[in-house]
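The listed protein sequences correspond, in order, to chains A and B.
Quick note: the first sequence, position 293, residue 293 per the working numbering, numbers continuous.
Every number in the working numbering is 1000 more than the matching position in the second sequence, counting from 1.
These are calculated hints, taken from the structure and not from any lab test.
There's no promise every hint is true.
Claimed, not checked - Restraint-style ranges between C-beta atoms, simulated for each label pair:
hint : chain 1 : residue 1 : chain 2 : residue 2 : range
1    : A       : Ala147    : B       : Glu1201   : 54 to 64 Å
2    : B       : Pro1240   : A       : Glu27     : 20 to 30 Å
3    : A       : Lys274    : B       : Ser1155   : 20 to 30 Å
4    : B       : Gly1141   : A       : Glu27     : 21 to 31 Å
5    : A       : Ala147    : B       : Gly1141   : 15 to 25 Å
6    : A       : Thr74     : B       : Thr1003   : 58 to 68 Å
To be verified - Among the chain A residues that face chain B by a calculated CB cut under 7 Å, a handful are:
hint : residue
7    : Lys15
8    : Cys16
9    : Cys19
10   : Ala28
11   : Thr29
12   : Leu32
13   : Leu35
14   : Pro36
15   : Val38
16   : Pro40
17   : Val79
18   : Lys82
19   : Val83
20   : Ile105
21   : Val344
Glycine residues also receive a C-beta, built at the ideal position from the N, C-alpha and C atoms.
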Amino acid sequence: MPRCANGHLQSLGFKCKVCGQPLSYREATSALLDLPSVQPNFGKTASFYVGMPPAPSEGGYSIVASAGDAPKETKGEFVVPKVQGGTWHDFYSKSTDELSRWLGIVAFGESTYKFLFADAADPLSVLAVSALPQSGQTAMVAMTADAESTPIEQNASYVAVSAALRRGFQVLAVPRYLAKQILVEDEAGESSSLSGSFARVVDGLLGLRDELMDLLERDRHIGVGFHLLLPVLSGSLQVYGKGANVFAVQGYQLPKSVELGEVKTVHTLVACEKDLRTEFEEGFSQFRNKAVKAALSAECRVKERPDHGSFDLFTLVGLDETSILRESEDGYKAVAKRAPALKVESLT
Amino acid sequence: MKTYHLKAVEYGGKTFTNCSLVLDDAAHKAEVKRPVGLLRRELVLLADLSWGSGAPLQVNGAAVRSGQVTFTADDGATALEIYKALQGQVPAPVRVADKLGAIREPMYNFLRKRAEGIEFLVELRTNPRQALVDVSPSYSGVYENPALEYLMKFSSTLAEVHAKMTYAAAEVQESVGTAAVDRIFAFVCAVGVFQDGLVAETGFTDELGVFMEELGLEGTAVAEPDAKKGTEAMLRRSDPLFAVASPA
């Protein structure tokens, strides 16, 4: 900007507003060498999807990883070269640096909340966990292998969850059998595939992201970094009768390997119409006092939404890390015994 | 430098045909040259003419008389133009305009280059991840992120074109006067303010419009949100800056 002979810096004009001297522009153009500063807004949510498409109402930034014939790097897609018969270790060892670099370029870690939504049994899940930037407020929401999964799936799932916990990410696990139950419930509706039903879970969770991340961060402070996620999508009290019954049903949904006494925290997030608030708050309170009284922390948060005639409910059961890994431990070990590269210890 | 064809020149009691009058405004020289050689392609000096106001000059139709030399131009209008040039009446503004014209391209280059950086910043604000992806092919990893690396490299390129612009201005400033150059630089600053406004989303402000009008330029708002197109729209308004009538 111009200055007068007395050195007063002025905005556009011809005379100094301070002393009335003419303004000179001869030196002023040097200021144009400095471009204006910009503070990019990377948004509240960045979501990384493995083994599933982005959630239908994903409002933030999303990127999908997949394996294909030709590598590809775009804002919303990262394609690694296919590996014939590839295991998680093949993708992990070949592409971690490249994916990590790409996630750095797209500033994945700059959003407030970072989510990895993954089918943990997918061979790319370990790669994704390993390449995610190490920053706070990062959660892996994983559909984990269960007793019915193949050992190779259990191996990948076990390693992906272990890697996420090692890296300090919050882990929310939806065991595959639970995802299948959602599928059955939704059979008459939209979802028809396992990944589709998991995408619906993701969709509902993203709508409650602030409450979710708040509860996860709080649990982190008391050393709980692993949660089992029990979802009810498009639920109706015409089916359940009352709110307390929803929690009672969820009590039975816990994996056989998990005892109620092992529960460290329990939280419920509900998106429902205003009139149902008390129903769920009271039902949660009963469930907590009856079934998980020893839990260190318990909270029910209700987010009111216009009358949908249904509710979405997510119960987060905070557990010790080993609890869910037990489900896939046998398969993990069986594979790792035959292929030492597929051990958790292979991760650097 | 400008050359006029002369039908005939009378000098030293002789008449020469198809001569040339070469006006070198930079050197303040006016020379009459005649063709020589078998093919009459070579020009040799026939006479020096006086230059500037006060010279004994007469014009009559297509004929101009300057001291001992009388020549016939192609037509009366050309004769009058030569007469005025030798008197120093018209050539002065022409010379200023020509010299100012030497700043035009470097100035355009600077503002166009700056528009590229502004365009990137606008995208960085509105679609930051796409902006990062756009500059990622040239990312070496030396800097923290591709945006920073792009801006560091860009800053160096911008400084180069800025130096060329200021050098071009310095070269002509003595002969055209500081006011004319200052006016051009004032316009450069105005375009800079317009460009910065695209990043800050303030757009083309009323204050900028008033300033443009004070510069003698069109001051209506440029509503183009694209930095390159907006800059071009501003540059199209700059012609009056280079048609200065007299040196300051």
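So, going through the hints one by one against the coordinates:
no.	hint	in the structure
1	A/Ala147 / B/Glu1201: 54 to 64 Å	57 Å, holds
2	B/Pro1240 / A/Glu27: 20 to 30 Å	24 Å, holds
3	A/Lys274 / B/Ser1155: 20 to 30 Å	55 Å, violated
4	B/Gly1141 / A/Glu27: 21 to 31 Å	37 Å, violated
5	A/Ala147 / B/Gly1141: 15 to 25 Å	45 Å, violated
6	A/Thr74 / B/Thr1003: 58 to 68 Å	60 Å, holds
7	Lys15	10 Å, violated
8	Cys16	14 Å, violated
9	Cys19	18 Å, violated
10	Ala28	5 Å, holds
11	Thr29	5 Å, holds
12	Leu32	4 Å, holds
13	Leu35	5 Å, holds
14	Pro36	5 Å, holds
15	Val38	5 Å, holds
16	Pro40	4 Å, holds
17	Val79	14 Å, violated
18	Lys82	23 Å, violated
19	Val83	25 Å, violated
20	Ile105	5 Å, holds
21	Val344	30 Å, violated
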